[in-house]
Amino acid sequence: MPVVLDGESMRVKVRKALDVGMEALCTAGALFIVFLLAALAIVLYVGALPAIQKFGFKFLTGTEWDPVALDFGALPFIYGTLISSLVALVIAVPMSIGAALFLTRIAPKWLAGPVSFLIELLAAVPSIVYGFWGVAWLIPFLQAWGFPFLKATLGKIPWIGELFSGPAYGTSMMSAGIVLAIMVIPIITAVARDVLLTVPKDIEEGAYALGATWWQASLAILNFGKLGILGAVILGFARAIGETMAVTMVIGNNNSINSSLLAPGTTISSLLANEFQNADKPMYVHALVYLALVLLVLTVVLNFGARLLVMHVSNMGKSRPKKPEKELSPEAEKKAIAEAAAAAAKMPNIPIARVNYTVRHINKVFKFLCSAAAVMAIVFLVMIFGYVLYMGFSSLSWDFFTQNPGPPENHIGMKNQIVGTIILVGLASVIGVPLGMVCGIYLSEYAKENWFNHFVRLVVDVLAGTPSIIVGVLAYELVIAKTGNFPGLKLGPSGWGGAMALAFLMVPIIARTTEEMLRLVPASYREASLALGGAKYQTILKIVLPAATSGIVTGVMLSIARVAGETAPLLFTAFGSDQDVYDPSKPFPALTLKIFSYAQSAEKKWIEQAWAGMLVLIVMVTILSAAVRYVTRAKKVARI
Amino acid sequence: MFRLKNICLFASTTIAVAIFACALTGCGDSSSGTNGGGTPSSGTISIQGAGATFPAPLYAKWIVAFNTANPNVKADYQSIGSGGGIKGITDRTVQFGASDGPMTDEQLKAAPAKILHLPTVSGPEVMIYNLPSVKEVLKLNGEVIAEMYLGTIKKWNDPKIAALNAGVALPDKDVVVAHRSDGSGTTWIFTNYLSKVSPEWKTKVGNATSVQWPVGVGGKGNEGVAAAAKGVEGGIGYVEMAYVEKSGLPYATQINKAGKPVRASVDGVVAAAKNSTEVPEDMRVSITDAPGDESYSICGYTYLLVYEDMSYLKNQAQAEAVMKFIHWGLTDGQAMAKPSYAPLSDELQKKVLEKLKTIMYDGKPLMK
Numbered sequence: 004m005p006v007v008l009d010g011e012s013m014r015v016k017v018r019k020a021l022d023v024g025m026e027a028l029c030t031a032g033a034l035f036i037v038f039l040l041a042a043l044a045i046v047l048y049v050g051a052l053p054a055i056q057k058f059g060f061k062f063l064t065g066t067e068w069d070p071v072a073l074d075f076g077a078l079p080f081i082y083g084t085l086i087s088s089l090v091a092l093v094i095a096v097p098m099s100i101g102a103a104l105f106l107t108r109i110a111p112k113w114l115a116g117p118v119s120f121l122i123e124l125l126a127a128v129p130s131i132v133y134g135f136w137g138v139a140w141l142i143p144f145l146q147a148w149g150f151p152f153l154k155a156t157l158g159k160i161p162w163i164g165e166l167f168s169g170p171a172y173g174t175s176m177m178s179a180g181i182v183l184a185i186m187v188i189p190i191i192t193a194v195a196r197d198v199l200l201t202v203p204k205d206i207e208e209g210a211y212a213l214g215a216t217w218w219q220a221s222l223a224i225l226n227f228g229k230l231g232i233l234g235a236v237i238l239g240f241a242r243a244i245g246e247t248m249a250v251t252m253v254i255g256n257n258n259s260i261n262s263s264l265l266a267p268g269t270t271i272s273s274l275l276a277n278e279f280q281n282a283d284k285p286m287y288v289h290a291l292v293y294l295a296l297v298l299l300v301l302t303v304v305l306n307f308g309a310r311l312l313v314m315h316v317s318n319m320g321k322s323r324p325k326k327p328e329k330e331l332s333p334e335a336e337k338k339a340i341a342e343a344a345a346a347a348a349k350m351p352n353i354p355i356a357r358v359n360y361t362v363r364h365i366n367k368v369f370k371f372l373c374s375a376a377a378v379m380a381i382v383f384l385v386m387i388f389g390y391v392l393y394m395g396f397s398s399l400s401w402d403f404f405t406q407n408p409g410p411p412e413n414h415i416g417m418k419n420q421i422v423g424t425i426i427l428v429g430l431a432s433v434i435g436v437p438l439g440m441v442c443g444i445y446l447s448e449y450a451k452e453n454w455f456n457h458f459v460r461l462v463v464d465v466l467a468g469t470p471s472i473i474v475g476v477l478a479y480e481l482v483i484a485k486t487g488n489f490p491g492l493k494l495g496p497s498g499w500g501g502a503m504a505l506a507f508l509m510v511p512i513i514a515r516t517t518e519e520m521l522r523l524v525p526a527s528y529r530e531a532s533l534a535l536g537g538a539k540y541q542t543i544l545k546i547v548l549p550a551a552t553s554g555i556v557t558g559v560m561l562s563i564a565r566v567a568g569e570t571a572p573l574l575f576t577a578f579g580s581d582q583d584v585y586d587p588s589k590p591f592p593a594l595t596l597k598i599f600s601y602a603q604s605a606e607k608k609w610i611e612q613a614w615a616g617m618l619v620l621i622v623m624v625t626i627l628s629a630a631v632r633y634v635t636r637a638k639k640v641a642r643i
Numbered sequence: 420m421f422r423l424k425n426i427c428l429f430a431s432t433t434i435a436v437a438i439f440a441c442a443l444t445g446c447g448d449s450s451s452g453t454n455g456g457g458t459p460s461s462g463t464i465s466i467q468g469a470g471a472t473f474p475a476p477l478y479a480k481w482i483v484a485f486n487t488a489n490p491n492v493k494a495d496y497q498s499i500g501s502g503g504g505i506k507g508i509t510d511r512t513v514q515f516g517a518s519d520g521p522m523t524d525e526q527l528k529a530a531p532a533k534i535l536h537l538p539t540v541s542g543p544e545v546m547i548y549n550l551p552s553v554k555e556v557l558k559l560n561g562e563v564i565a566e567m568y569l570g571t572i573k574k575w576n577d578p579k580i581a582a583l584n585a586g587v588a589l590p591d592k593d594v595v596v597a598h599r600s601d602g603s604g605t606t607w608i609f610t611n612y613l614s615k616v617s618p619e620w621k622t623k624v625g626n627a628t629s630v631q632w633p634v635g636v637g638g639k640g641n642e643g644v645a646a647a648a649k650g651v652e653g654g655i656g657y658v659e660m661a662y663v664e665k666s667g668l669p670y671a672t673q674i675n676k677a678g679k680p681v682r683a684s685v686d687g688v689v690a691a692a693k694n695s696t697e698v699p700e701d702m703r704v705s706i707t708d709a710p711g712d713e714s715y716s717i718c719g720y721t722y723l724l725v726y727e728d729m730s731y732l733k734n735q736a737q738a739e740a741v742m743k744f745i746h747w748g749l750t751d752g753q754a755m756a757k758p759s760y761a762p763l764s765d766e767l768q769k770k771v772l773e774k775l776k777t778i779m780y781d782g783k784p785l786m787k
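Order-wise, the sequence lines are chains A and Z.
Offset between the first sequence (1-based) and this note's numbering: plus 3.
Offset between the second sequence (1-based) and this note's numbering: plus 419.
Heads up, some of the hints might be wrong.
Simulated coverage check for chain A against chain Z, where a stretch passes if three residues somewhere in it have a Cβ under 8 Å from a Cβ of chain Z [stated by the list, open to error]:
#1 61-70
#2 169-175
#3 224-232
#4 402-415
#5 539-551
#6 612-625
Keep in mind that the hints were calculated from the coordinates and are not lab data.
Backbone N, C-alpha and C fix where the C-beta goes; we use that ideal spot for every residue, glycine too.
Extracted from the complex, chain Z is given alone in its bound form:
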């Protein structure tokens, strides 16, 4: 009964269980509030952000310039995807998140406190297609794209496509649509556009970062979509403009809401932003299917996500550093946006800067 072996076994098991129970219930809380920041002995403040892959190259440039101008701050950004950014800011594992698709009402409700959306830049999405036999650049509009993705247009020589492309010899090949298999802001913007131009899409599929696609092949990430479209003759997919060169495929000219054909460009996005509906108070705005002759139809903002009340950081210096970085990005950083991204319009920039002033720390606004 009290043999040495049994005692040792019992003791080691108890210790193991105790450690496990502690791990499961969280006793022995080490760090408080946040991590990865604060002020290490050397005096540098580190701020961590994560999220969307779309603005990652731009944010990387911002960070280098900002870190140089502010040597006591080390900013870091990890591009893990919009979903990761939303999760990160909700779990408070990062100080600022980034997402191409705005957070949904449910996601905002699930967060411990109010999160603000701050648009930084915007950019276009294009439809790349794989038709080696067609030499001309195709024209497509929203309704046709929606029907392709719904599966109602099945062949490339469908009369609806031919109607937009007079004089072009369209082959009798199947339309194989490629879509994102992972959740993404790119999908959010694309399905937002389709929901606006096609009531059938709106009811049948909807607008979200991840939907149940009626037809098509899925690819992971933008280059997965490009690979899927490239993989079969007759493939078509939606990608961020930056991936066009990588895919080696041509991209379609969009016929916008005004009926004008527009090549995807930063200027087209700027026009779309200018002509879009009023920006709501929480800044969650969609600029797809914008009116105006110059507007490009499939584009959207990318947002930075921060809490309205930064007191949870328990570190005023860190909160101020985050504010400084975002402020920098919204002002000096805008000059770095072109040629790949569309900077904010003057009007919107003013609005966002105003929003910055509402961010609090310990009851007082952070930005003076």
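Next up, chain A with everything else stripped away, as it sits in the complex:
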């Protein structure tokens, strides 16, 4: 705390005040996020109370979900949520780490930039596009080639074969896991890549100096950045657990537990997406809210466990006071040396040439695998983009950009939806980006290592993993609802409600990545600034933030890409509109809502419009990502 001395100049006093102000601002940001989670927990708890009173903990083990007899049990959904996310991680994590290694250590500089941009584009694909692509292309492909292949290979292995037994339905847990993996790869890859880029060169050089191979040096680098990579994996896991729309369309929605991954399943968020709006009896609604509460608790538990893991892993590297070695007498020492020499003589004498041959080949294999991972990610991107392009391009026309929606027979387009999405995302960013950044700065610069700050980090992770439909419910209760337990600002369905819902989604992602990136800025930068007489706020604003710009921009772009493609939270908040009305206090148009509505209709013209809309959405987010990346590209700065 800066002490104000007598006789200090005005300038110094202002500086100290600004320091205090900055710290207070950042702390307030962090507190707001805690309040957000508290509000969510309260809203959910109050909404679920009658169901909690009726079912108690039996809810967690029950397997019946009967909306007519009002008998509810959550086990199949908990199982599905965990298994689908686990499958996604099993597929995505090796691929992402491989791709990140490719981008930082294998690819030549001219290739790394474009390839990493392309992989990030996977995050720009809206979740409903993943859903429709999954149903239209992926599932037929899996049924024709993928699943028979899996059954013929992995299905024959004794224990693992169980996972691939039974008839191969298209919509299944495996399909959901694959779609989730593709959605999660860009997140883990982008963050892991940024982490690996900030590992100091001397780690690699030290490894080589000790005689390491390329692969062993890579392992040393991964080991140094393991905390950051673990953070990336947690972020990816949060995304997988919270995904609603894409999973709903490809998982088969069968409310039972099956040992086979090829059987249809269900997840908590897909059930909520399916049934929330149509719950007709009060106890049905309460049971659904109870389920949402269970998901929240599950997310808290999983994140807490991951945090413990992170703390354990980071403790492993810390130096601990060594036990003093016993002093050996000269004879004992001679004996020990002789024993060591004898042991060394017993080791096999492998010719050096042979060792080099093996090492070279192991290196080749791993380099190939890493490159293959990056190539696979791009293949996914090309497949999805290509499919959307193929389906949507022919429907693009002048009308599409100048006309508003209407009946299929007319000249129709999605003009107001496009404008609406731009405005909504803009509003959400204006609210969400500063809030998220301020919270991230707090966690990295001001937070001491106490239980409160661990709690705040936990809160951020939990919010990052909350399914978008629950965030929509929260925004609805806080900003829109007129009746019910929490009358809010009484706006009614409106653009503000939609923007708030999207902002709530953005904040935890931005906070998390901002914190991670700021942490990676070497302490020496801060120390140098303070040594030169800079105040803390000056250090943060002028030295630390600029050094982490690229990584923070990654986080901001990931979150903007995410919310631009969100549908579920806008369903009851922004509501949608076919008019040229851009008043945020009224029902607001959004591209994703119209795409969702049209793609599920039976009208051919509407379906074509939906695909064209998906194409336009992806292109818009891509252009925005490219523009921001270009503007914030690293300027050539001499590194000291």
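Fit chain Z to the known structure of chain A by using the hints.
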């Protein structure tokens, strides 16, 4: 104790808490009554509706025609699903709701005031099936479909199915039923039919927009059901007729209550409506399993939902605009129904128009 930092922290926290508490308890009420309507400065009245996806293309046509004929009114309809429509009208976030399944007694009780059901059009549901080896069009009846969905008929070459399809070579494949995973009016109509033809279904599963399906694969929306049925050989699912072309699958001929095979069509629905039981006073009527030779068995009305007393809108011009739109739809709009939808019979149309006259504003009927 009174350090500057702590004071700033305390102040900012207090402000944040205050804003939050306000958000949670609703002080500083901005707009009153409803939103998204009223009379903006330009003088246009906007009315918002939302709900069922089934009549969405028709309502879109109505809106274009109505908006053109009434330039000072801007009507808007968002197809978010029957459940969304019911929720919207209950929460009063829209001025009129739309639903394929009528509201249940509990839902009506939960609403702040009395809500009226106004049927507008009706349409058929069909059973699409995926049996590439069968060239002929299959015939099915209610009992067989119910047993398929109960899981008691497990194979396509079951004698009960063969009995209805003499001379057809049915394969020895599993029956995989597809159903809606999301709540929907389509499901309501389908389970309503099954409850009528199968006492076991009625007791075991019931009639609702969302039920606990004994067997089968779920899909989101009509096209989810179509995809699920298409996804496995031996699949069968219920969808709105409009989705048949999209699915590329054949659909079964229904053997109706009179024992006659009927292909799904608008005329079949019109016949079913004509031959159905008397329409109750609140208009929540089911026309499934209707008697009569021409009647198609699986069909139902779609309803518009409005409050009997529109005074809550606090805007007479807006209330009148809603009435005008609905009246238009029930009269001029009916001509646009065919070929995709079955218009109301003359008798029912008269009854619904009579119902319109009971809608009040400030104690006086809106429609003269």
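Violated hints, by number in ascending order, as checked against the structure: 3, 5, 6
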